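Novice: Chains as they are written, first to last, in the numbering used here: chain A, 1 to 336; chain B, 1 to 336; chain C, 1 to 336; chain D, 1 to 336.
Worth flagging that the hints you see were computed from the coordinates, not collected in a lab.
Treat the numbers as computed from the prediction; the structure is a model and nothing was measured.
Using N, Cα and C, we set each Cβ at its ideal position, and we do this for glycine too.
Be aware that a few hints might be false.
Unchecked claim - Once the Cα atoms are required to be at most 27 Å apart in a straight line, the calculated DSSO-like pairs of lysine-lysine come out as:
#, chain 1, residue 1, chain 2, residue 2
1, D, 325, A, 261
2, C, 6, A, 261
3, D, 75, B, 6
4, D, 325, B, 261
5, C, 325, C, 154
6, C, 325, B, 261
7, B, 325, C, 325
8, C, 70, A, 6
9, A, 325, D, 6
Stated by the list, open to error - According to the in silico footprint, chain D covers these stretches of chain B (three or more CB under 8 Å from chain D):
#, region
10, 2-12
11, 239-246
Number of protein chains: 4
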Amino acid sequence: MIVILKRGTQEREVEPIYKMLEECGIIAQEITGETTRMIGMAGDTSGISEDSILCFPCVERIMRVQEPYKLAGRKFHPEESVFDIGGQKIGGGHFAVMAGPCSVESEEQILAIAAAVKDSGASFLRGGAFKPRTSPYAFKGLGLEGLELLVMAKRKTGMPIVTEIMSSEYLDAFAELADVIQIGARNMQNFTLLSQVGALKKPVLLKRGLSSTIEELLMAAEYIMAGGSSEVILCERGIRTFETATRNTLDVSAVPVLKAKSHLPVVIDPSHATGYWYYVEPMALAATAAGADGLMLEVHNNPELALCDGAQSVTPQVFHRIMNKVGRVREAIASS
Amino acid sequence: MIVILKRGTQEREVEPIYKMLEECGIIAQEITGETTRMIGMAGDTSGISEDSILCFPCVERIMRVQEPYKLAGRKFHPEESVFDIGGQKIGGGHFAVMAGPCSVESEEQILAIAAAVKDSGASFLRGGAFKPRTSPYAFKGLGLEGLELLVMAKRKTGMPIVTEIMSSEYLDAFAELADVIQIGARNMQNFTLLSQVGALKKPVLLKRGLSSTIEELLMAAEYIMAGGSSEVILCERGIRTFETATRNTLDVSAVPVLKAKSHLPVVIDPSHATGYWYYVEPMALAATAAGADGLMLEVHNNPELALCDGAQSVTPQVFHRIMNKVGRVREAIASS
Amino acid sequence: MIVILKRGTQEREVEPIYKMLEECGIIAQEITGETTRMIGMAGDTSGISEDSILCFPCVERIMRVQEPYKLAGRKFHPEESVFDIGGQKIGGGHFAVMAGPCSVESEEQILAIAAAVKDSGASFLRGGAFKPRTSPYAFKGLGLEGLELLVMAKRKTGMPIVTEIMSSEYLDAFAELADVIQIGARNMQNFTLLSQVGALKKPVLLKRGLSSTIEELLMAAEYIMAGGSSEVILCERGIRTFETATRNTLDVSAVPVLKAKSHLPVVIDPSHATGYWYYVEPMALAATAAGADGLMLEVHNNPELALCDGAQSVTPQVFHRIMNKVGRVREAIASS
Amino acid sequence: MIVILKRGTQEREVEPIYKMLEECGIIAQEITGETTRMIGMAGDTSGISEDSILCFPCVERIMRVQEPYKLAGRKFHPEESVFDIGGQKIGGGHFAVMAGPCSVESEEQILAIAAAVKDSGASFLRGGAFKPRTSPYAFKGLGLEGLELLVMAKRKTGMPIVTEIMSSEYLDAFAELADVIQIGARNMQNFTLLSQVGALKKPVLLKRGLSSTIEELLMAAEYIMAGGSSEVILCERGIRTFETATRNTLDVSAVPVLKAKSHLPVVIDPSHATGYWYYVEPMALAATAAGADGLMLEVHNNPELALCDGAQSVTPQVFHRIMNKVGRVREAIASS
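Construct the complete structure from the given sequences, taking the supplied hints into account.
Specialist: Written out as structure tokens, the structure is:
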């Protein structure tokens, strides 16, 4: 941590800062130049509140040096993590595609889609039983019944299931039935839920909030990991910008950035990011080429009748084509 | 709703759209020009999913005409709402200041601050018992004990209390002890919590999410109102932009926009928005001049020792000066 | 400047950095802790390129400590600047309103509006002769003829004129005829134009770019001042965010931030920021309450026939009311 | 264009709107429902100013239906454009890589880099002679001398050159010496320069502004094309968002969006977008996989000594590896 002092600061103004640092057991070094005077600390400063230091009238600014995440970061865990979930691997060179409908609508629908995506090479089945909707008047999913239909599809196809939890009310059901518990973008900083889900010690797929920085995403992962889970998959699904041609702006560069800063697998969801099915294919390929560890794709056998997000769902035929190209792109970037 | 068709669309492609609209009981009119062909619907289209229409291959784009919120909107409720909460009025010309520490730290602290802000003219006491923190390792508030200390301060000063709920676990305690239940920015789209809090039928202070549009804020209010509460206070507390000189960018223009679109009272929180105590005064005055119905301000008797957000808290002395100026600005804008 | 080194950096990797610093005459101090190793420099580092240091493989990150602007900053010019332009003062307690139409359309129009705004207390006449338009097919202003009509209005009313320059082609005409040369938001980083206008040594009104940080705005002012002009007025006119309820988001907090970091006067343009005339009044009052040194307002005697930006122009009647309220707000915030 | 009227609008309030439309020769149709009343126009409405309509007090909102660009759009030019520039093709299946240093520094430097990038398969040489720099005190390029050094490199290698123009002062030199004239992001809405460069009727590379929408980029292209040039190459180089882990956020989805809306070739610049050389490779591959028509890459033989932007430049060795992978990714996405 670096503390920059205001021009013309008096010695007696700085003393209480040194006193506070000393009490916290921190060794500080001063750097003084013609125009600037700074206090540098190179030890573990996690015990000091930046905020308290900012309150001293002589402090102009503070700059943090260390990353605030430890469990999610690469610094103390340089190897990429590989997770084996229900026989499907992800991370450290293992690529996984999670596909399925936005929301589970019926037995017939979910079984048909599950069979189709498995045939094309998907390794996880995704599907929403509980749906976050902007309007209180919109379809909110089948709830527990939807969760049971997913389990039925899992039994038929063998694919582990990924599905979103929206409140702690259903923690037990998710602990029992889901293979990967998804935390949606809107709940990325629902800190209570993060801790509770972490305590289940199950694999978690954590979606980046629409306006969350990469550091905040890693801090949310840290919450889950501090709660007890060691298997967190990070998912970029578009951030909010001024551009309106796509629903959100898919931050593809989050892939190499997250891979550099963290050991956790990174998955991209181009369906929610773009909002239009015809942009899903190019963005799925882009994410793969950027080095993602997997994709999350919405597939619907009858998009125009979908109860939710039909416009961003691809048909099983298009999904099949995407899978073929994704495989070829992975080969293309593999060798140097 | 307006449906814009692609150039060169064939009649047989449009038919299924008209059929679907007919089934939904919607009367559609077509507008055809040299370069564009549109279908216009002026009735209640809340029953149709935009998404299903977007799936028809001949559809280029959809434009929504009606506002999706009814309970929160001005259209069906043209008069400004006035709420009387524990004897304190807000809205429709009544101005209310909610002041207090970021988090409740001790009996001594909360009683001293409560007395001070009351003396200067605050009408509500704010204080956090449960704190959302970006880091899992940071102080998270005193919890229920904090809630009880707030109640003690209320008994001494008579000020109703505003405090944030973070999870449904404590719904009963908040229903019993809080006068205004606050939903924080990070939970603005925690739809489960919105419905549950709405069902308590108590006054709610709803903070705008960091990247939520004004329409999304009103839809979140709609959730609470559809849940049962009729008293929702809207709070702007800064949005996330590219600018880093302030913690967030306070969207002061949200005040006149919200007042135009909704009948609910609008409160501004300049403390969280700017992140620095010395910007709180000018922004509190700006919000007042823009026509806000109230302010939410962090006040701490000892900012440098605050356990949370000390840098953005003003002292009781500064608060007193702000209150004086706020009163004068309100007079200045009152008469035409 | 602080250089943070990567974990596990070898001594031989750091040597070339020290060598480079030494060659630049910079005294560096090292701060070493358990997990972090940093090089701190407190002298004048304006001669080193951050970029060259970032190229050394052992460098993880660089943090700049000093502000990169000198002429525009408060550090070496602690007193607020006051400019006297054609008998009108602005800055350091002097408040100035610049009012007039978006574009000059005819002699009759500009003379009528000029007389009206002067009557209500405006001190500068604004009006566009050259207009930047998003579409190549839109009205682009009367050009030099417009400039001459402004001069005519100046002769009649005595008000100095503010008008936008769009290219270096007309530098001579602006040098001769304009009292304040405006650089528009879209040209804020047209560095050639900034230098050329600076060399005229005339007062300049510099608008903040739609996505420019406050630091970039001050660096653009620095360009003009390094070019020769000492009288730069900074103008915030809305930044681009995700919100679409207003055309742009007026960053009112830019007022206290700019006042803290710079000695130059700060003016707010709520007309372009909001895009709707009915939001202009509340935002003009907000800007005044936040401590702005002036306002720039679009006034049109016949908004629905305006050739440009009619929707954001207020009538002379509304302008008169705004001026009254602005005066009262200024009194309200004056005394402590 | 759709005009939505306010609730409770009287007939006499609407009449002047119909009158104005009639005068402009526009046939309007009214759509009336229980809660909404709209006026729809399907003909050519480019002659009406949205702004004038917004001034009528009974108008709530306007929605534009037609795209405002004609020359740059796909509607009237459904085939993808292919440009042949100095023997190098781009667009419509032809892929082109533009590589070279951020700025031309010396004869030795530019010749060495030109030879290296040609060897690896680049088809255009990029290099800055005039450099836009945020600070007035930074290196601004060699100017005309730099342009001549580029021409020398072109003579040696046969590669056509791409270089940025910053002001109209040097139009003649660029007309004579450059093969592709680059308009930088900061000048994307320097409308005077756009028209002047268009009038040269030479190929232009137009970079998207940091906060420009895709529609604004196409409108800027429209300016150049209306000026006379028919060969405009669009370049995405990162947009400004709240994320700070990369310098800007590369909007990879701009590739399929631009390809859908326009017939012009689309090129991606991952060097400026990310700001760090180690993110250039993954993002170059992502852009290729998304369907870009080309790449613009900064290559420097000695990045740590570069006078500008060294941190984002790759070495010739890394460039060679990128080119190999780019070629393989193009094959991977080619067949269905």
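Novice: Hints first: check each against the structure and report whether it holds.
Specialist: Now for the hints, and whether the structure bears them out:
Our distance criterion of 27 Å between C-alpha atoms is met by residue 325(D) and residue 261(A), whose separation comes to about 24 Å. Restraint check for residue 6(C) and residue 261(A): satisfied, since their Cα atoms lie roughly 12 Å apart, inside the 27 Å limit. A threshold of 27 Å between alpha carbons decides the hint, and for residue 75(D) with residue 6(B) the separation of about 10 Å falls inside it, so the pair holds. Taking the CA atoms of residue 325(D) and residue 261(B), the gap is about 53 Å. The hint is violated against a cut of 27 Å.
A C-alpha spacing of about 26 Å is found between residue 325(C) and residue 154(C), which places the hinted pair at or below 27 Å, so the restraint holds. For the suggested pair residue 325(C) and residue 261(B), the alpha carbons sit about 24 Å apart, so the restraint of at most 27 Å is met. Taking the CA atoms of residue 325(B) and residue 325(C), the gap is about 15 Å. The hint holds against a cut of 27 Å. Proximity of residue 70(C) to residue 6(A) is assessed by CA-CA distance (about 16 Å); at most 27 Å being required, the pair is judged to hold.
Distance hint between residue 325(A) and residue 6(D) is unfulfilled; the C-alpha atoms sit about 51 Å from each other, more than 27 Å. With a cut-off of 8 Å between beta carbons, the region 2-12 of chain B has 3 residues touching chain D; three or more are needed, and the interface restraint holds. Counting residues of the region 239-246 of chain B whose C-beta lies closer than 8 Å to any C-beta of chain D gives 4; at least three are required, and the coverage claim holds.
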